[in-house]
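Chemist: Put chains B and C on the given structure of chain A with help from the hints.
Read off the chains here:
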Amino acid sequence: MTEQHHPHLTLGVCDYPEHVPRDRWEIYAQQQKELGLTYVRIAEFAWALMEPTEGEYNWTWLDEAVEVLHREGLKVVLCTPTATPPAWLIRKHPEILAWDAQGKVRAFGSRRHYDFASEVYREHSRRITRAMAERYGQHPGVAGWQTDNEFGCHDTTRSYGPASQAAFPMWLQSRYESIDQLNEAWGNVFWSQTYSGFDQIGLPNLTVTEPNPSHVLDYCRFASDMIRTFQEEQVSILRECSPGRFITHNFMIFFSDFDHYEVSKCLDFVSWDAYPTGMLEFFASWESDEVKQKYARTGHPDLISFNHDLYRGLKAYQGGHPLPFWVMEQQCGQVNWAPYNPLPADGAVKLWTAQAWAHGADTVSYFRWRAATMAQEVMHSGLLRHDETPDRGFDEVKALSLSDFPAGDVPAQVALLHDYESLWIWDQQKHNQDLSYWRQVMLYYSTLRSLGVDVDVVHPSSDLSKYALIVAPALTLMTEETMEALRKATEHALLIFGPRTAYRTASGRTPETGQFGTLADLVGGKLRNFDSLRPGLREKVDQYDVTLWAEGYQCEDATPVHVYESGPLAGVCAVMRKGNVLTIGAHSPGLVYDLLREALAEARVSVLDVPEGIRVSRRSGKMLVQNFNAYGVDVLGTRMPAVSVEMLP
Amino acid sequence: MTEQHHPHLTLGVCDYPEHVPRDRWEIYAQQQKELGLTYVRIAEFAWALMEPTEGEYNWTWLDEAVEVLHREGLKVVLCTPTATPPAWLIRKHPEILAWDAQGKVRAFGSRRHYDFASEVYREHSRRITRAMAERYGQHPGVAGWQTDNEFGCHDTTRSYGPASQAAFPMWLQSRYESIDQLNEAWGNVFWSQTYSGFDQIGLPNLTVTEPNPSHVLDYCRFASDMIRTFQEEQVSILRECSPGRFITHNFMIFFSDFDHYEVSKCLDFVSWDAYPTGMLEFFASWESDEVKQKYARTGHPDLISFNHDLYRGLKAYQGGHPLPFWVMEQQCGQVNWAPYNPLPADGAVKLWTAQAWAHGADTVSYFRWRAATMAQEVMHSGLLRHDETPDRGFDEVKALSLSDFPAGDVPAQVALLHDYESLWIWDQQKHNQDLSYWRQVMLYYSTLRSLGVDVDVVHPSSDLSKYALIVAPALTLMTEETMEALRKATEHALLIFGPRTAYRTASGRTPETGQFGTLADLVGGKLRNFDSLRPGLREKVDQYDVTLWAEGYQCEDATPVHVYESGPLAGVCAVMRKGNVLTIGAHSPGLVYDLLREALAEARVSVLDVPEGIRVSRRSGKMLVQNFNAYGVDVLGTRMPAVSVEMLP
Amino acid sequence: MTEQHHPHLTLGVCDYPEHVPRDRWEIYAQQQKELGLTYVRIAEFAWALMEPTEGEYNWTWLDEAVEVLHREGLKVVLCTPTATPPAWLIRKHPEILAWDAQGKVRAFGSRRHYDFASEVYREHSRRITRAMAERYGQHPGVAGWQTDNEFGCHDTTRSYGPASQAAFPMWLQSRYESIDQLNEAWGNVFWSQTYSGFDQIGLPNLTVTEPNPSHVLDYCRFASDMIRTFQEEQVSILRECSPGRFITHNFMIFFSDFDHYEVSKCLDFVSWDAYPTGMLEFFASWESDEVKQKYARTGHPDLISFNHDLYRGLKAYQGGHPLPFWVMEQQCGQVNWAPYNPLPADGAVKLWTAQAWAHGADTVSYFRWRAATMAQEVMHSGLLRHDETPDRGFDEVKALSLSDFPAGDVPAQVALLHDYESLWIWDQQKHNQDLSYWRQVMLYYSTLRSLGVDVDVVHPSSDLSKYALIVAPALTLMTEETMEALRKATEHALLIFGPRTAYRTASGRTPETGQFGTLADLVGGKLRNFDSLRPGLREKVDQYDVTLWAEGYQCEDATPVHVYESGPLAGVCAVMRKGNVLTIGAHSPGLVYDLLREALAEARVSVLDVPEGIRVSRRSGKMLVQNFNAYGVDVLGTRMPAVSVEMLP
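Residue numbers (UniProt numbering), protein chains in the order written: chain A, 1 to 649; chain B, 1 to 649; chain C, 1 to 649.
Derived by calculation from the structure, the hints in this document are not laboratory data.
Treat the hints with caution; some may be incorrect.
Computed list of lysine-lysine pairs in DSS-like fashion (alpha-carbon distance at most 30 Å, straight line) [said to hold, decoys possible]:
id, chain 1, residue 1, chain 2, residue 2
1, B, 350, B, 430
2, C, 350, C, 33
3, A, 294, A, 622
4, B, 430, A, 292
5, A, 526, C, 350
6, B, 430, B, 292
7, A, 104, C, 92
8, A, 350, B, 294
9, C, 430, B, 294
10, C, 265, C, 466
11, A, 398, A, 430
12, C, 540, B, 398
13, B, 350, C, 398
14, B, 92, A, 104
15, A, 265, A, 578
16, B, 526, A, 33
17, B, 578, B, 488
18, C, 398, A, 526
19, A, 622, A, 430
20, B, 292, B, 350
If we take Cβ atoms under 7 Å as the criterion, some of the chain C residues that face chain A in the derived model are [as the list claims (entries may be wrong)]:
id, residue
21, 5
22, 107
23, 345
24, 346
25, 375
Idealized CB from N, CA, C, for every residue including glycine.
For reference, chain A alone in the conformation it holds in the complex:
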């Protein structure tokens, strides 16, 4: 659970006192208090102000900033400022800088300009963290900490420069012990890639054609590990110097480059930064222009709630359960970083806040207090405009009645299994450039949500015992551990697999016995062929259209449920069932809808048919109905205006 012990949703805001004149601080604190906020996150990015030259700290401003908020009864969330090493540090140690995949140094001048593997940077990261922690760790106004900011933002997880190049072979050596084992794991006999020493191994960029996927997979693991240990170093210092305060990190939307399960382990709870309109324009590359237009002013309901459900489930890794989380940065106006940045609809800020609560958020903290009048974010909105007048979002926050949003559980009976290693190997070799891992996952997630079902998005290693239905749309990398968990889960739950399940081993190879490897007995069959459908190509499974992907199975002791009726797989099984395991090989929205609906009935999970653009979510015994449409809708016996929420018991 998160730090708070509130009976209901609390609110916060991200503020940057250093961006405004000193005479505004008290006024802002009063306004924040009056608005009903509990938390104010400050000091993010402020390293150059804390330490203008090496080793000479200037705490005066921050002492005052913390004090002003504390005096007003607001709780302070402090950030380690490591997302922005100052100019003097970079000039002294340019080797801190990361290199992009094209071999170019990523220069100072914005943010996140560091390589997680840099020993030099790690030392400075620990140093500034300790300095802050020692000064503020026990301040009564400080409620908790955020480490750094948005790990991985701007493709910064992976660096291709000397620091990572030096660390990677050592990481491999500790993973594989002998070079022969690495050669075997990666299948380096292929294309004469055999290494005779760890020191021969480079980073997998700038190769003549695609690099070995096992090489890339381990590089992904390595880069993820660098973030994990980078953060652990900070957390360890904060725990030492700031007892009783929470530690979190603000993750970002669909970021895919590191294993969020591993990276979040050392945190007290998880936060994420929710930007619904930017998310739709910028991240959801698979969505059509029609969808992007329909939801341009609200974001797509399922893209938002998927992330809530993902981050709620993040710390369920290794036998745990989903937990409340924070939205550390909640969009409350327009963003500035997508190709198009429309204004949110009237009601969107309330809708997003309520939706966040319904999916398990304990705190929603808006970004940002006042719109910045300088630098990169002058076109990003805040609760206040540049001229300090309350902006549109401010009024929606003000109108919230927080007691309407009591603390409590999200009663999901359905789990959707997600795993970053599967994502890495899937997207490396998509075989159909239009079908990414996320698109495949979102087909199943969105279908469940359109049926009014609450979903926990969790890692296969979570406690799966409470679920009646478990959906694994894209578990393509299959470890022994996951197999074990899945076998166990089928004892009590219905289990649904999507295509490519267990197509890859832990090292990124294909099982010698083909798909599904040693999972074949569980699913009751084997792969015959997969088929990658170009745009315009569609095949049939009964009356259903199949697009993008078609996988055909040889049933051993499974029963064929559906069979292809056209194309090279005509007559071959598209969907098979053995015991509690249903395997769906065809990418077919209609078929998936009907199969999930049947499965929910079988698993005795209630289904609620909701119209397009309507979603329902349950928490603490209440049901929140959400209308994401730009028009009013009659639903569940009530008339909902455009872009609104309704709480039902």
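Modeler: Showing chains B and C alone in chain A's frame:
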């Protein structure tokens, strides 16, 4: 005014005697004279021929070339050859080469391979300029000079290599004096960007995510200044050694990377290179395929005339008036550098020549005499074909009656304000990737032209006293000087602002009081919100469709003229009026058309409704009607054939 | 002719024994024999296994692999492993690596990571070739050799690093002798590009704008020459050590970066790697989405057969005739390297095999035996699945009756002339970005094939005496030799030229007398203008639509056959005829169809009208009818099922 004292339009041609055998020179000169040409521009790019090895000049060929033309009674325009430093110079001083924004050296092998900030290159530029000027400066055949060629072509304004890196901090130091003032101006408190010394400041490329817009803005100013001083060095030498000869430079179409107002100050008059078909295909990225197809063989009338009007107004900077100019290179056949290079329509060369005159050109000089039989331009046409037969354009030039095009003024009563600093800051942070500065400007310009109105495109610092209507579609960067000029202009003229007006201060920040900063009292209101509309999204202002951009205002003492009727800004003012100032926040072609039409009536500027593809332009008491359509049109009581001009009194 | 002395088609397979456990080798060999295969190609890429550390060879595994196959009566084709220098070699000599056109080193980690110009690599290439040749050159089981693998794959023909930079000036010096001759040939007077020494000449990449096309042309020749001599070194060693064995190389589809005629000279016969579905998705950028969808599961019939005809004609260079060839790698399932990789249709493998035979293949060797369970190709299919069960293609191969496909000649009466130098210069300056050399060639080729005509694709220097009709769609670079060959050919054959014929001289300039230079007397006319039509723009020649390109001629003693009826060329000749030479300036599928049909009648070449998706091909007195449609068709009196072949006498 330009060098000429002719009572009417004169013609010229760009020729390269060094590209053909010596025995063609006299023949060509005779043909040029017979064709009615007055000027021949030569010696462009010919450095390696003038100075085959360092310090050893070979003037023989050029002596003869100048002499042959002079003997025939043709006036010679000589070019400094600095757009193409020779191979030996680059081998000796590779540090002359520019670097692109990706950090790659831009190699020898084409043209414009130099960094304007290179001290080494500057020395050689002065040296070759002086050598030429001393030899030909007082030759009776030499009428004037062109500096270099097409500054900025191929994205060469900005270099990201050591020469610019060395010069930029010094330039900043002289602009800001103290690093604290720079930090404040740029808002470097944001993202910990504070510098503790000028030497810490890099060029704004290869940053992890977008660099600070103020950093970029100053880098744009710096790079522009490098061109200004580079040219001033040449001009100073030419003035010393070649008294009585004009000095000009051939600017290019919509080039945006340097401040043409600043760079043209030291010239006698301005020239530009008009390539109507290439311009449409290559530069006008916002035009639809339908428009590109319709005008594929003539170019778009407004894109061409906008550039005429822009270059006519270039030297009106700082209290001056628009002036006659030259078209130094006029397309007279097909070009070779656009994705598609269609043949111009029959009549296009006459149409372009007449249009250039009508918009203030004193001289039109065709590019080029004979099509090149070698190297990069073998697929570019000239007045003569490869085989020396007259090409299609030749015949159209021959048929011109120059006395039909008398010298005189363009009687524009409407000014359109343009400013490169606004362009730089607008396009850096478009917020809607489809709405560039030029697209915004062209909406207003094209609307005025469709109403038969003559327009001066000028900098806000020009003398605005003669205009009845002043249109400022995109003045987003607002200086104290410009504000003063605008205030003064409203005393006698109607003033129309487009969206984003005064959104940025001189250093690229946003006013602390929000848009419009201290201009708020003039416009009578303040910004409430701007809205960036993705493709497909459209809102309403009365019956008008709004696309791309919608800006809503809080009227203080302005009167709301139009109000949004849909979307998040429903009920908010879209167009407001205070006194002589009308501010239009919505991107709406229909609304803009009606508002400009009303404003013209109010300002007593005559409107002439012309059909699609027809334009009228006035000069010297005559009106030139231009038909850019590929079909005949009945207009103004006369039947105009496809692609033709008609002179009316 | 190829190595085999079989009376009919033989089959083979590409296998990688080192990819599977030792205990599978005998089993696979038996299965291969039972399937009716004759050849097994092995040892490709296996350098690191042959020589795990420098100079220490490990032949044990390969000795056994050869022996196992030999014992089973299979003939072994061995590969030199030079496409994949091992890690230890690259670590020791990183200077072997090529650089891409952007100036980045192309790293170890996939394949083809070497610069053909590297003297260091050449030495190692000769060393490993000699080691293999000495060990296996006279083994009774070894039938022949493949050099390296797919020269040029992944854009590896041209390197922009130090090795090529060092070799290129020397190559130029030996071609031109004096720098003045080079300057003249390249037209370096243009843009001051004159060099005063060979050592000043760089590689033509990273120039500010497009480099001199003559510079690029010679660089293309140089890079092609590097491949030629690289291979000749291997071939010379193999000839010495492995007498009586054939030597071939597996070329790839439309690869364009080197002169296949020159590179294939030293081979016994030519092979190529046929991947019909990948070819369509990946290489045929000019094909519409409709076409890509229609043929997604079979590939496009003409794209496949064009390559068969191209490679059959490859060794006809310099006075020879087309010859049988091998398909060294024949797709037999899905590939993994295109954006979309659909399953082939039922029947496709049989169709491709039969089509290959009909176009002159003596041997078709499938890629690969068992699908790889590791590394980059895990999603590529083989004859066996990952789990060793026979995949779909296996069954089709098994059902083949090889005696149905007798050895013999392809009786083509029509030659299509092709030349890599024309391709290089055409594609460098397309002038219309949508009209590449291959697209232009394929218009003529496909038209002929739709008329049921067999075509030899040959270099102009081949023996043209046997052809009744010779089509030269895109011979834009015209040498004296080619002109001579064409003149001679018109004595007995009808000759058809496409646009841009003879527009460029051997050094890449344009003739001083314009197009067609000294060929003008043969065609009977001269160019007036060419016109590049943007999408949507179309003109008329009689009732025919013209798109993309229109070239108008001034007839001298030719007769105008067709005249443009619209556009700037209205009234100008579009098609002219003089004696046996017909010149077609317009890109017009309808016009080309009618003109080719008439020409075939005149040349007394039989025409056979075939429906869409049907093709006929003749060999050894038989006619193979091919149905590439996904539906059955009644044709030539027989009912053909979807995706099938029918042999007619």
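Chemist: Work down the list of hints and note, for each, if the structure agrees.
Modeler: Taking the hints in turn, this is what the structure says about them:
no.	hint	in the structure
1	B/350 x B/430	violated (38 Å)
2	C/350 x C/33	holds (18 Å)
3	A/294 x A/622	holds (28 Å)
4	B/430 x A/292	holds (19 Å)
5	A/526 x C/350	holds (26 Å)
6	B/430 x B/292	holds (24 Å)
7	A/104 x C/92	holds (24 Å)
8	A/350 x B/294	violated (49 Å)
9	C/430 x B/294	holds (22 Å)
10	C/265 x C/466	holds (22 Å)
11	A/398 x A/430	violated (46 Å)
12	C/540 x B/398	holds (29 Å)
13	B/350 x C/398	violated (72 Å)
14	B/92 x A/104	holds (27 Å)
15	A/265 x A/578	violated (35 Å)
16	B/526 x A/33	holds (27 Å)
17	B/578 x B/488	holds (15 Å)
18	C/398 x A/526	holds (23 Å)
19	A/622 x A/430	violated (41 Å)
20	B/292 x B/350	holds (21 Å)
21	5	violated (34 Å)
22	107	holds (5 Å)
23	345	holds (6 Å)
24	346	holds (6 Å)
25	375	holds (4 Å)
The structure does not agree with the numbered hints 1, 8, 11, 13, 15, 19, 21 stated previously, though it agrees with the rest.
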